[in-house]
Amino acid sequence: MLSRIDEIIYPNRCEVIEFSDPQRFVYPIFKNGHSSLHEFAGSNKLKILLNEQIKNVKQIEIVLREPQERFISGVNTFVFNTKRDNPNLDINTIIYFVENYLFLNRHYAPQLSWLVNLSRYSNAKFNLHHMDYITHLTNMNIKPKDEQKILPEEIILRLKNNPHVEIYHRLDLILLDLVDKNLNFPEIIQYIELKDPIAYSKLKCTALD
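Per our numbering, the sequence shown runs over residues 379 to 587.
These are calculated hints, taken from the structure and not from any lab test.
Careful, some of the hints might be misleading.
[Said to hold, decoys possible] Cross-link-like lysine-lysine pairs, in silico, DSSO-like; alpha carbons within 27 Å at most: (1) LYS559 <-> LYS461; (2) LYS538 <-> LYS527; (3) LYS503 <-> LYS538; (4) LYS559 <-> LYS503; (5) LYS433 <-> LYS521.
It should be emphasised that the depicted structure is a prediction, and the values quoted were computed from it without experimental measurement.
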């Protein structure tokens with residue numbers, strides 16, 4: 379890791395939940411049912427595999443979400459948590475850093491960056507699913523108890539039109555093309571390179587070198 383930002387986006391802690399009956403291994407991503415999956419795992423005493431424990435897993439289930447919707451939800455969580463912990467901070471100050479220093483928090487970092495981190499510990503095939511698949515894993519719908527929708531509409535509109543975010547959303551949209559596919563990480567990267575060489579070049583500069 380080269381910096382504190384690297385540690386935030388690519389942490390040295392990678393989790394996979396081992397489900398039973400039937401056995402399957404699920405990679406929980408923030409804003410993609412992460413809280414519900416963890417609550418279900420805790421309630422049912424499911425095993426959490428960490429880092430090197432993941433390397434022998436052959437198949438990993440991954441739930442993906444529409445990227446712009448996830449981005450707005452993730453930024454809302456980041457702003458809410460930041461203001462909760464630092465009540466004197468102005469919301470526009472926090473949004474300034476969101477807009478100009480991507481990506482400071484894993485709640486809204488691209489889903490592809492989560493796969494990059496998983497690939498550090500796993501050579502498994504990734505079974506990619508749409509968000510609806512979460513109902514096949516748990517009937518829980520857990521949200522942070524105190525979290526509120528804190529972003530005003532004018533900020534949501536600004537975030538949606540932020541040109542700096544567009545290429546990352548393109549990368550995550552390509553992942554949605556692969557829903558219902560069973561691919562390892564190099565195959566996913568190869569598809570991205572063929573589908574969108576410009577987005578791939580951005581990814582290569584920031585995450586793959």
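Here's how the hints hold up against the structure:
no.	hint	verdict
1	LYS559 <-> LYS461	40 Å, violated
2	LYS538 <-> LYS527	16 Å, holds
3	LYS503 <-> LYS538	32 Å, violated
4	LYS559 <-> LYS503	10 Å, holds
5	LYS433 <-> LYS521	30 Å, violated
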